[in-house]
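Enquirer: If you want the building blocks of each chain, they are given just below.
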Amino acid sequence: MDVLTENFSLYGKGLLGTVELTGYASLLALGLGVLMAAFRVAPVGSLRAIGTVWVAVLRNTPLTLLFFAVLLGLPRFGLVLPFTTFAVLALGCYTSAFICEAVRSGINTVPVGQGEAARSLGLTFEQTLGAVIMPQAFRAVIPPIGSTLIALAKNSAIAGSFSVTELLGTYKNLNELGYSIIWSFVWIAVGYLIVTLTISAVFNVLETRWGVPR
Amino acid sequence: MAVDPLIELRDVNKYYGKLHVLRDIDLTVGRGEVVVVIGPSGSGKSTLCRTINRLESIESGTITLSGRPLPAEGKALAQLRAEVGMVFQSFNLFAHKTVLANVSLAQIKVRGRKKEQANERSRDLLDRVGLAAQADKYPAQLSGGQQQRVAIARALAMDPTVLLFDEPTSALDPEMINEVLEVMRQLAQEGMTMVVVTHEMGFARSAANRVVFMADGAIVEDRAPEEFFNAPKSDRAKDFLSKILKH
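In order, the protein sequences belong to chains C and W.
Under this note's numbering, the first residue of the first sequence is numbered 422, with each subsequent residue one higher.
Under this note's numbering, the first residue of the second sequence is numbered 24, with each subsequent residue one higher.
In case anyone wonders, no lab produced these hints; they're calculated from the structure.
There's no promise every hint is true.
[Stated by the list, open to error] So the derived label-pair ranges between C-beta atoms look like this:
{"id": "1", "chain 1": "C", "residue 1": "G466", "chain 2": "W", "residue 2": "A241", "range": "32 to 40 Å"}
{"id": "2", "chain 1": "W", "residue 1": "A95", "chain 2": "C", "residue 2": "R469", "range": "47 to 55 Å"}
{"id": "3", "chain 1": "W", "residue 1": "D159", "chain 2": "C", "residue 2": "N481", "range": "46 to 54 Å"}
{"id": "4", "chain 1": "C", "residue 1": "P556", "chain 2": "W", "residue 2": "N201", "range": "46 to 54 Å"}
{"id": "5", "chain 1": "C", "residue 1": "P483", "chain 2": "W", "residue 2": "E82", "range": "45 to 53 Å"}
[Claimed, not checked] Below, a sample of chain C positions facing chain W; criterion: calculated Cβ distance under 8 Å:
{"id": "6", "residue": "G444"}
{"id": "7", "residue": "G466"}
{"id": "8", "residue": "S467"}
{"id": "9", "residue": "A470"}
{"id": "10", "residue": "Q535"}
{"id": "11", "residue": "S541"}
{"id": "12", "residue": "L544"}
{"id": "13", "residue": "A552"}
Treat the numbers as computed from the prediction; the structure is a model and nothing was measured.
For glycine and all other residues, C-beta sits at the position ideal for the given N, C-alpha and C.
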């Protein structure tokens, strides 16, 4: 218990770092994921190709490798950003591939007739997708998106190895200060539980509010 | 008839892989005409109906609407579809929207009407199909016949020049068929141009100007309903009519 009370601000900073990383990366992942899903069902071949390559590359690259690529690679092209921003980019892009596939599977659950009806009324592809298909697709994919964002929260631990302040990284400081490793980790685990259980709770609410009425 | 041709199909051919589903289709629908398309299942009548607003593409031939050829894609195609209303066998009401929002959606998105304006028009149309009281319900809460009448109101909301009906009563319980046919009959009387794919011979007899009989992807007969039902020329049509009228 002493570990927590004596290092409350350290834990707090770590937790805040993880929450920040998770929050921003989630927004990026959701935005890019939905956009890529739209690309993958678009009537334009080049957009479909972009979506397919995006998912294939990002989903099949180990996240650590992706962190190296972003943190060491981008500065070589003259793009120098704070490490936290790089971490958000890596996490967000990586997770967007999974969001994209979840959303796409949701799109496939919407009956073909819904899109046909929308098109027959004169709605464009974008309007059909935005007003008719996506709202129905989302309801079907709330649970898998919740799981993906929980995975994102846990994956954010990798950022600690790249000098980004986040929860897991706090163990290094605590270790140097001579605290018991086991208790340090117990409180770190509790921190992650707070984040992931919050995400679960939010998605449970969303599911009961917006879930597909049958 | 066909004084003022609205829809013209010339030498239209369509394939699903090797299957030749539309063979050299020539069809003219005049303004104000009600054309009923009948035929055995798999004869291509639904496909024919769906080519007119390009929900199905064609391999060869031309389709024109008011003299203009159908655009292949993009904004121009969307604009054309707004002129051509369509009613589906499975209703296809937007499941996540209320009845009122179903009828208003395209008015707002495509016609650019204000929401209040669109809703007002929607309520008028719902009243016309006898469903004003159901405006705030969701499609799943309505019966099949009610859903189909909403679908008709939704198509009418765009002020289309022609309405396509793709087997509008085939998914309905028998006691609900008439409420839908009644609405269609009214539209026919008001001079709406309609292409109706159906198995309802009573509707064909009473409301159609012409009956088009299709078999194996081709138009076999195209005549006035009385002539067709009383004295079909082709063996294929005689065979078809003997099967459906004999009970």
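Enquirer: Is the distance from the Cβ of C/G466 to the Cβ of W/A241 consistent with 32 to 40 Å?
Expert: holds (34 Å)
Enquirer: Grab the minimum C-beta distance from C/S467 to chain W and call the hint holds if it beats 8 Å, violated otherwise.
Expert: With Cβ-Cβ at 15 Å, over 8 Å, it is violated.
Enquirer: Indicate whether the distance between the beta carbons of W/A95 and C/R469 respects the range 47 to 55 Å.
Expert: violated (18 Å)
Enquirer: Using the nearest Cβ pair, does C/G444 come within less than 8 Å of chain W?
Expert: Check failed: Cβ of C/G444 comes no nearer than 28 Å to chain W, outside 8 Å.
Enquirer: Please check whether W/D159 and C/N481 have a Cβ separation lying inside 46 to 54 Å.
Expert: Roughly 48 Å apart at Cβ, these two residues keep to the hinted range, so it holds.
Enquirer: Hold the hint about C/A552 up to the distance rule: shortest CB distance to chain W must be less than 8 Å.
Expert: Result: holds, 6 Å to nearest chain W Cβ.
Enquirer: Within 45 to 53 Å: is that where the Cβ-Cβ distance between C/P483 and W/E82 falls?
Expert: holds (47 Å)
Enquirer: Return the status of the interface hint for C/A470: holds when the least beta-carbon distance to chain W is below 8 Å, violated otherwise.
Expert: violated (18 Å)
Enquirer: The hint names C/Q535 as touching chain W; please verify it with the least Cβ-Cβ distance against 8 Å.
Expert: Given a least distance of 6 Å, the restraint on C/Q535 holds.
Enquirer: Report holds or violated for the interface hint on C/L544, using the least CB-CB distance to chain W and a cut-off of 8 Å.
Expert: holds (6 Å)
Enquirer: Does the Cβ distance between C/P556 and W/N201 fall inside 46 to 54 Å?
Expert: Check failed, 34 Å falls outside 46 to 54 Å.
Enquirer: Would you settle whether the hint for C/S541 is holds or violated, based on the nearest Cβ-Cβ distance to chain W being less than 8 Å?
Expert: holds (4 Å)
Hint violations for this structure: numbers 2, 4, 6, 7, 8, 9, all remaining hints satisfied.
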